[in-house]
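Residue numbers (the working numbering), protein chains in the order written: chain A, 1 to 544; chain B, 1001 to 1098; chain C, 2001 to 2141.
Far from chain C, by Cβ distances over 10 Å, these chain A residues were calculated: (1) 107; (2) 192; (3) 224; (4) 260; (5) 293; (6) 340; (7) 386; (8) 392; (9) 517; (10) 525; (11) 541.
PhoX-like cross-link-like pairs, simulated, lysine-lysine; straight-line CA separation at most 25 Å: (12) C/2137 to A/3; (13) A/473 to B/1070; (14) A/473 to B/1002; (15) A/429 to B/1070; (16) A/37 to B/1070; (17) C/2137 to A/275; (18) B/1070 to A/97; (19) A/77 to B/1087; (20) A/97 to B/1087.
Bear in mind the hints are in silico, worked out from the structure with no lab data behind them. Where is the CB? At the ideal position from N, CA and C, for every residue including glycine.
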Amino acid sequence: MYKYDEYDASIVAARVEEFRDQVQRRLAGHLTEDQFKPLRLMNGLYLQLHAYMLRVAVPYGTLDSRQMHMLAHIARKYDRGYGHFTTRQNLQYNWIKLEDAPDILAELATVEMHAIQTSGNCIRNISSDQFAGAAADEITDPRPWAELLRQWSSFHPEFSYLPRKFKIAVIASDSDRAAMRLHDIGIQIVRNDAGELGARIYAGGGMGRTPMIAHLIKDFVPFADFVSYLEACLRVYNRHGRRDNIYKARIKILIHALGAEEYARQVEEEFQAVKALGIDPPQAEFDRIAAYFAPPPFEADAVDTVDRSDPDFAVWLDQNVHAHKAPGYAVVTISLKPIGGIPGDASADQIDAMADLAQRYSFDELRVTHAQNIVLPHVRKADLYAVWTALREAGLAEANLDLISDIIACPGLDYCSLANARSIPLAQKISERFGDPARQRDLGELKLKISGCINACGHHHAGHIGILGVDRKGTENYQLLLGGSGAEDVSLADITGPGFSEDGVVDAIERATDVYVRERTPGERFVDTYRRIGMAPFKEAIYG
Amino acid sequence: MKLLTGNDLPTGDVVWWTGEGWSRHVAEAADVGDKGDLIAATEAAARRVNVPYVIDAEATPEGPRPAHIKDRIRALGPTVRTDLTLKPADPQAGSWVI
Amino acid sequence: MVEFLRYRDDEAHDEPAVTLDSFFGQSNATAVRIESGEDARALLPYLDRIALVEVSFPSFRDGRGYSTARILREAGYQGELRAQGDVLVDQIPLMRRCGFDSFAPNAPIDEATLEAALNRYDFRYQAAADPIVPVWKLRHG
Chain A
1 MYKYDEYDAS IVAARVEEFR DQVQRRLAGH LTEDQFKPLR LMNGLYLQLH
51 AYMLRVAVPY GTLDSRQMHM LAHIARKYDR GYGHFTTRQN LQYNWIKLED
101 APDILAELAT VEMHAIQTSG NCIRNISSDQ FAGAAADEIT DPRPWAELLR
151 QWSSFHPEFS YLPRKFKIAV IASDSDRAAM RLHDIGIQIV RNDAGELGAR
201 IYAGGGMGRT PMIAHLIKDF VPFADFVSYL EACLRVYNRH GRRDNIYKAR
251 IKILIHALGA EEYARQVEEE FQAVKALGID PPQAEFDRIA AYFAPPPFEA
301 DAVDTVDRSD PDFAVWLDQN VHAHKAPGYA VVTISLKPIG GIPGDASADQ
351 IDAMADLAQR YSFDELRVTH AQNIVLPHVR KADLYAVWTA LREAGLAEAN
401 LDLISDIIAC PGLDYCSLAN ARSIPLAQKI SERFGDPARQ RDLGELKLKI
451 SGCINACGHH HAGHIGILGV DRKGTENYQL LLGGSGAEDV SLADITGPGF
501 SEDGVVDAIE RATDVYVRER TPGERFVDTY RRIGMAPFKE AIYG
Chain B
1001 MKLLTGNDLP TGDVVWWTGE GWSRHVAEAA DVGDKGDLIA ATEAAARRVN
1051 VPYVIDAEAT PEGPRPAHIK DRIRALGPTV RTDLTLKPAD PQAGSWVI
Chain C
2001 MVEFLRYRDD EAHDEPAVTL DSFFGQSNAT AVRIESGEDA RALLPYLDRI
2051 ALVEVSFPSF RDGRGYSTAR ILREAGYQGE LRAQGDVLVD QIPLMRRCGF
2101 DSFAPNAPID EATLEAALNR YDFRYQAAAD PIVPVWKLRH G
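Make a model of the complete structure from these sequences and hints.
If you want it as structure tokens, here you go:
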């Protein structure tokens, strides 16, 4: 993975001191909260319901054991012994003191981490495929492109006060594990007819109160034009994105208003101007970055079979382990969704345990997934049983990846000042209702996603089953949605009808899954059946 | 009744105006009547509180109970981690919130 | 505390800036003010006769002026480029990078804080409208 050189280290160190100075000025009264807020947000520091919250960037979801141990250390020393992995592959702490924040950043900097641009109206942490560098189906590792964008977007002088936040995802396979087309800009690295790698650019996707799927705006941008092209995309947005209404300020609204073709035309025009500036890094810079992502030294003769004699292990193997591109290796996903637990939360001890496993069994690499799980990307098949045994001891061996209890949930009203309803207790009830392993597996792949407000951090629009918490006259109420997907079969979910109480929505989900079990044809997932038979039978069962 | 609440600037702790200063405990909160905005402005300017705001609450024998669930969660702590609330030893504390 | 900052060696331009509309109707104006949201490219045919462009920042959150500045500098504009309005000390380093070389903030700026902010970073990742050499170029010569 990427390692800082003197330049990266100097920039991140300067940022720590800059933020320390800003915090001191706020505490001394030289900055009002109104002036300080965008400064702290651009460093991932929110004021939430109980305390400040710090969101630490995990660039493109990749980290090593040293960084993971640091996250555990910070959880113990400055927070309350745990962290929450987010839907943008980051980690957030819920109990941070403003006066400690500069010291935390200084500690993070010692392991090449930071909180730069994890919030604010700027280009956010670049997200990517959690299986990058390991996936059997990728055409290249997308992370060098993502790292290039991390550098380009960090403290970009022109794009630090955009109309609204800006999220970019980069993938390099036809399978989309990063909800790429639900980003402001989604990038798929592809090969052109000449065999060269380049970027296919989608723009104008997003969730929030007006969900939209990104449009293809450019089929192929060669590396030589990559930064210029994105600079042009952002400049058109910065100049013409709406600033009169915060709810209409995302790029998706601009592109919807202009039409994707007109937006693409304006970007092309801007690109002609920008391209002349010489702002594109040379191929040598790409090669320098890419060298850090060279495959680890896989053993050529690693055993390619797994002993499945332990039935519990075999279940986990079938559910949480994916094919690796190297023979004899596998990709392990650690579920942070124990039945009845808090989706995405991990204790400091668990974070340490996962770090130790990565160091011992996965070439020192971990990934965070947008579904709030952790990946050990490069595990020898011969080590899978040992990994599973260790995970079981740490309470991390839930065999429910992509099943109904592998729920994405935002922090909701238990923590978040924007939320209208709690998400976590609902996730707990659903996972308990469907907790029986055989029943979950019978329901098959079923992506259930819960947001506690229309900002949609819990990706409810992209859930096979989505739930949106709303505030109905001071009472929590939950709307049910069906048929969304954030994967390569991207679609936006439809609302079933009137909302429910917390218990009512759990019952409604059960009625919907009953319809699926009754109507499914062999091999059909829940979302496939929904697409085939439509809303009506579900609605009838749910509202009867 | 009306309560004035906000967060402590350096720590972020949830605080309640007691009539004389700021407390971590909503039970000590005072009815600010129509003076909330005035106190808020003075206290925020002096950085004794951050982002203060006035809320509705109900007077109960156990003390003030904020009208909105959001402020009750702020007053107690997350309903899903009672160990992290202000009443970690009371497993029923959450019922006050709901 | 300072109320006006200028990073140029030439004489300050004292002609009041006119609006974009009046600029087009006034063939001898040499100072023009661009409101946030107005198109800087409309000025490109006239750059060689302009000595001052004042770009308004109605709110520090409104970042359109950063693009305005870069567009003018990229087109070769050499005159004074002034950021006027809700300009805060932590933004001036970014504005300098986009090509602004004078500042008329609504509220006075603390010089020591500004000095520290301007000297904070030894390296920058991207090329912009200032002469700073981006890190990728330093890496590869």
